[in-house]
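I would like the entire structure built from these sequences, with the hints used as guidance.
Numbering-wise (numbering that gives the first Met the number 0), the sequence shown opens with residue 0 and increments by one.
These are calculated hints, taken from the structure and not from any lab test.
It is possible that part of the hints are untrue.
To be verified - In silico DSS-like pairs for lysine-lysine, Cα to Cα no more than 30 Å straight-line: (1) LYS123 / LYS159; (2) LYS195 / LYS96; (3) LYS123 / LYS100; (4) LYS155 / LYS183; (5) LYS183 / LYS96.
Every value quoted in this text rests on a predicted model; they were computed, and no experiment measured them.
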Amino acid sequence: MEDRTANPTSSSSADKTATDEPTGSNGNGNNSNNNNKTAQCSVVSIYRAKIAGVLRHVTVAWTKSLINHSFAISVERPEGGASTCKVELKPWPFWSKKGYKSLDVADDDEECRVDVFWDLRSAKFSGSGSPEPTAGYYVALVCDEEVILLVGDGNKDAYKRTKSRPCLEDAVLVSKRENVFGRKSFAARARFDGRKKEHDIVVESAISGPREPEMWISIDGAVLVRVSNLQWKFRGNETVIVDESPVQVLWDVHDWLFPGGPGSSSGLFVFKPGAPDPQPQPPSKQEHFGESDHASTVGTNTDKNNCSSSSVRNFGGNSEFCFYLYAWKIE
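Have a look at this one:
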């Protein structure tokens, strides 16, 4: 059974749906009243797609907690704001796994509609608990009989169902942001080149105990970054080689070592393909990304969600894509 309800939310509602912060966050990178059982993981991908001849930002957000699993599609409107549809996969798994909704993304002069099709009946998920499927699904956005954005690996089924042709200009993934929770180890997946495979990223740390604090960052099982004396090196950057290409790795784990209150504390990791410019500065969450930028924000045209902003441009590189990993330590 398909859900064919056309139910786009207003721009203000869209912002709320898409910017829900991890449960218990006080907006400053710390959790003052966190319950580990309600921690909400999220994956937010921002694309730039051509819709009715105009480039707009499209955001795909996946969120998951113990009691809820959902995804939301947000399409930028020309006059500002966004139109959003949200689909609850849990606790309503049967009827919501395949469906269709329409979004009104028109400007003042002409009509414009985006149809959202999805099929997650055979979706597979990683063992890390990520809310984003790894295979066996598709989410397709259609405008004027063109598939303007296709997420997932079910290309053949998506084109057959939508009866639409591929867009002549492919959508571009601008950034990906992921919130993960853990005690010592944090796992995520990211693709540094759209034509290549996804890479397994693991961040491990040893903060407590008699030894000096340490941290390791592994990609595809190989430790590429190792930071000792973490209490003095809680911010930094290194360039590593992945598939014979440079990738800049930047980190800010100040809150891991000096939390501002009880509960969870977040560390920020940025992965940017390409070689760095000379003498880059390490990231600061408050200075560069905003105090509440740990949230799974679905902004449509803000600097802090765009890898071309000055905060990331300073690190150079020949790709505009960035992967932001927010690693939340829980007690």
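Hint check:
1. Distance hint between LYS123 and LYS159 is fulfilled; the C-alpha atoms sit about 21 Å from each other, no more than 30 Å.
2. For the proposed pair LYS195 and LYS96, the alpha carbon gap of about 28 Å is at most 30 Å, so the pair holds.
3. Our distance criterion of 30 Å between C-alpha atoms is met by LYS123 and LYS100, whose separation comes to about 23 Å.
4. Taking the CA atoms of LYS155 and LYS183, the gap is about 40 Å. The hint is violated against a cut of 30 Å.
5. Annotation: proposed proximity of LYS183 to LYS96 is violated, straight-line Cα distance about 33 Å (limit 30 Å).
Checked against the numbered hints given earlier, the structure breaks hints 4, 5 and satisfies all the rest.
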